[in-house]
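Undergrad: Protein sequence lines correspond, in order, to chains A and B.
In terms of our numbering, the first sequence has 24 at position 24, counting the first letter as 1, and numbering is strictly consecutive.
Take any residue in the second sequence, count from 1 to its spot, add 1000: that is its number in our numbering.
Calculated from the structure, these hints are not laboratory results.
Just so we're clear, the structure is a prediction, and the values are computed from it rather than from any experiment.
No false leads were mixed into what you were given.
Only pairs whose alpha carbons sit at most 20 Å apart, straight line, appear in this in silico SDA-like list of lysine to any residue:
no. : chain 1 : residue 1 : chain 2 : residue 2
1   : B       : LYS1092   : B       : PHE1048
2   : B       : LYS1097   : B       : ASP1058
3   : A       : LYS43     : B       : ALA1119
4   : B       : LYS1066   : A       : GLY41
5   : B       : LYS1066   : A       : THR72
6   : B       : LYS1097   : A       : LEU10
7   : B       : LYS1071   : A       : THR72
8   : A       : LYS43     : A       : ASP75
Coverage of chain B stretches by chain A, computed from C-beta distances (three or more under 8 Å per stretch; other residues unrestricted):
no. : region
9   : 1027-1036
10  : 1059-1066
11  : 1073-1083
12  : 1098-1104
C-beta: ideal position from N, C-alpha, C; glycine also.
One letter stands for each residue in the lines below.
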Amino acid sequence: MLHIVNKSPLDRTALDSALRMAKPGSTILLIEDGVYGVTKGNKIEGAIKEAMKTVSISALWPDLEARGMQDTVIDGIKQVDYNGFVDLVAESKSVMSWL
Amino acid sequence: MSESTGGIEMEEDMSGTVKKFAFINRKAPYGTIYALESLEVVLISAAFDQDVSLVFADDGVYQLKKGQATKAVGMKNFSPTYRALEGYDIEKLYVEKESMEARGLTTDDLIVDVEVLDAAAMAALLEEQDVVLSF
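One chain only, chain B, in its complex shape (with noise of 0.2 Å):
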């Protein structure tokens, strides 16, 4: 094999691999970096056809409310990039429950449509999963 052809090869030997990739997102926005730093691998990840999930767990389901107004704090607000996802191909996103409850907020209030899972439900989830990557 010459070397110039091994890459190709290499790349073909990848197209056939689907992982199924997680984002655990579990910070609100604005007051770290985490919830955009996890956009932008979300969005990077989605150039490599892989079998993605987002979660929404704890405070990270603050990223998805609606109404975010950024200008007088001076930051971007990124919350429409989550409606972007779809076109993407990023269909699969996961809030868990209690989360949710605990924050005094409904699906109403999200930005994007989600399917909420239980614990127990969000503890199936995970542990089907290639790779889990946490913010």
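Excised from the complex, chain A in its bound form (with noise of 0.2 Å):
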């Protein structure tokens, strides 16, 4: 399954529920607003380090790069365009927003 997240999680809980309700083996795309979540020295660094242990964690590198968060990204997490964002979906049995 592939979750999409799109808010800060620093703004909101969407993340925090996405990484606690995740099945081990799934992916979670952080997308918008979302990409924050995989910035280094971020507050929730230390819980995307120990949820990457189970779960596939991607961000869309077009919002990195918009935000200027591009060169702190957490070392591991996939980056993805939108022909990479159209693929996951499509490799998904089911997808979920967490708007």
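Build the complex: two chains, separate frames, hints provided.
TA: This is the structure in structure tokens:
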């Protein structure tokens, strides 16, 4: 299953909830303001690193770049473009958006 | 008083009134329209010669992050505008320390010079404003 989060983890609890409810082996894709979740030094960095042991976490790089966060991404986070986004959706049996 | 001079007199009265305006920015750029709208209103306020302060707290701190490059998302990068505020005599920019640190940022990461205030100092700043506008 693909979980998509588009809200900043410091503003809303969407990413917290997605991390808590994503089954091991699933994928979490961060887009829009959600990409702040995979930046170094962020309050949620520890939780992200812990989650990376069981789920795959990706972020949309155009959104990272727009926000000037392209150089602060946590090591091991996969970065995808819009085509990669489509591939993730196509590969997944189901998609959940954490609005 | 004739109607034609009424407006002019009012203008003269208004010119002596300078109020303290604070614009509170608490949202990240691009995900919502708030940051850009705030900037538009701030620039308008500059035309009225008021005592303007800009506050960046919570995700609003992200508005000032260096290195924003929006070509791939097809949106306008408005971050250079913060550097132009000085030219409009808007020079009071404040960042809340706690918000900045929670995001792993330092003043070196910001596109403009700001004054960093802790929550208590920010509370005092807000208290002394005549008008507080939230975005």
